[in-house]
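Undergrad: Below are the chains, spelled out letter by letter.
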Amino acid sequence: MRRLYNFPWVEGNSSDYVEMPGHCEVSLVIRMVGIWKTFPRDIHALRDVNLHIKKGEFVFLVGPSGAGKSTLIKLIYREEMPSRGRVLVDGKDITRMSPREVPFLRRRMGMVFQDFKLLPEKTVYENIAFALQVTGMPWGEIRHRVRYVLGLVGLTDKIKSWPDQLSGGEQQRVALARAMVRDPSIILADEPTGNLDPGTAQEIVGLLEEINRLGATVVMATHAQALVNTMKKRVIELGGGQVIRDQERGSYR
Amino acid sequence: MIRFLVHAVREAFISIRRNAPMSLISVSTVALCLFMLGSMVLLSLNIDAVTGTLEGQVELTLYLETKVDEGGAREIMDLLSRLDEVREVRYVSKEEALERLRRQFGDQQGLLDGIAHMNPLPASIEVNLVWPEGAGQVAAYASGLPGVEEVAYAKDTVEQLLEITRLIRLGGYMLVMVLVAATCLLVANTIRLTVFARRRQIAIMRLVGATDAFIKGPFAVEGIILGLAGAGLAAVMVKQVYLRVVSALSTSIPFLPLLPPGAELEAVVQLLLGTGTAIGAVGSVIAVRRFLGAQGG
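Quick mapping for you: the protein sequence lines, in order, are chains A and B. Just so we're aligned, residue 1 is where the first sequence starts under the numbering used here, counting upward by one. Just so we're aligned, residue 1 is where the second sequence starts under the numbering used here, counting upward by one.
Just so you know, not all the hints are guaranteed correct.
[Claimed, not checked] Calculated cross-link-like contacts (lysine-lysine; reagent style DSS-like; alpha-carbon spacing at most 30 Å):
(1) B:LYS216 to A:LYS92
(2) B:LYS216 to A:LYS74
(3) B:LYS216 to A:LYS160
(4) A:LYS160 to A:LYS117
(5) A:LYS92 to A:LYS117
(6) A:LYS122 to B:LYS216
(7) B:LYS216 to A:LYS117
Hints are computed from structural coordinates only; laboratory data are not their basis. Please read all numbers here as calculations on a predicted model, not as lab measurements.
Please put together the full structure from these sequences, using the hints given.
TA: Right under this line is the structure:
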């Protein structure tokens, strides 16, 4: 297997551009305390959710559609605010964060979605480079890094392609490359294999596992039973907006 | 900061190229709107000039009998100056009257060469009044003075003219105002369309941790470039059309006091360029902000 996170800039602290959180002394990377999320018309997406996710964990978030998986993930990158309760990332309460700080929170995370969320009017290279441009990194280092992660996901030859010229699996690998190009300590994946065939899905999860093995905390919401069952990771099951099961080395059911 | 600017400019050009059809639509919308705006401004400037000329014209002219020399004219002027209604009197000799006519004919003054040696124009005294209402009394008084052949007294005509020019002027201003509003709406709409087409792009940019300024920068630059391009096009069109119209009108109606294509035209051109840039920048930033604000965060 290719080695991920074997970046020359990870071992030392050579990078001034990516803000690495001081997660060494904080073992709880994500913590949710008494989370309620109520949408208009009294729809309770989440009711009293309490969660601890430790640094370096790989967590599957399972449950039927509408159980609150996506809402829970959106709370972590502050796309949504809880109606009640606190969300702590690296010990900091992000519900009290000012909107100006939100971009910097997101730069410490990598995100992967079911619909890939690539920019169709940018090439593969530009899509990945964009995640670094927002941090103000010099273009020389950007080029270096983008080539590196593209090699890691095995798409070096697609560097100048447009997203719609790629297969679903390839697009998701581009998205994964974009997610990890900043060395995030947290990877959030919302049904990353939902649009992919089982073989390709296995590949993507394999990459996520590799990223996790090298130190990143991974939270993945999924419906893929077979994947969850073979991986034997921590499984958190949501039902009706509540945590109904939290099991180490668990399975889908 | 420099890297940010370079990024914004680069992204703006890439985006214009990749969205060429939409960019073209934006530029032509801006160009068309600003062309109409510029034309209206020039039209109302000219209306202003014409009405100003008409209003500034003398209200009473005393044509003198040919036997009255300049000394005799001075005496009449002294008498008139003592009247309260009179603000200013001015003697116009035969030669000066001819010279004025010559100037009004402009390029075609050759037409006057035939009559120059005999000069049929009478000498006259022009009277400016303090109150136009006193024109009747002054006219009656002046026509009784010896040596005054005729008093040209066009009170009704002047007042009607003033009324008409007032209306024309008002109409011109209103037209300009309506056009400015229409321009803003049309341009804002075009920009909203282009940004709407890219709301997904904006959402993804926010997702990867782009600050609002970083997202707005390229859009603002793009707006400025498109606005400036449209305004430049409009300026060229306005200039060409105005030059042609002025040269056409001044040959067919030589005495119409049109503004020559000088400082005013330049000012209009600058106004168009400024407006185009401002509309482009402000419009796109406002449009982007709507999408930035639409999401939580």
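Undergrad: Each hint: holds or not?
TA: Hints, verified against the model:
For the hint pairing B:LYS216 with A:LYS92, the CA-to-CA distance comes to about 28 Å; that is within 30 Å, so the pair holds. A distance of roughly 24 Å separates the Cα atoms of B:LYS216 and A:LYS74; the hinted pair therefore holds under the 30 Å criterion. For the hint pairing B:LYS216 with A:LYS160, the CA-to-CA distance comes to about 26 Å; that is within 30 Å, so the pair holds. At most 30 Å may separate the alpha-carbon atoms for a hinted pair to count; A:LYS160 and A:LYS117 meet this at roughly 18 Å.
About 27 Å separates the Cα atoms of A:LYS92 and A:LYS117, which keeps this hinted pair within 30 Å; it holds. Proximity of A:LYS122 to B:LYS216 is assessed by CA-CA distance (about 17 Å); at most 30 Å being required, the pair is judged to hold. Only pairs whose Cα atoms come within 30 Å are accepted, and B:LYS216 paired with A:LYS117 is accepted, the gap being roughly 20 Å.
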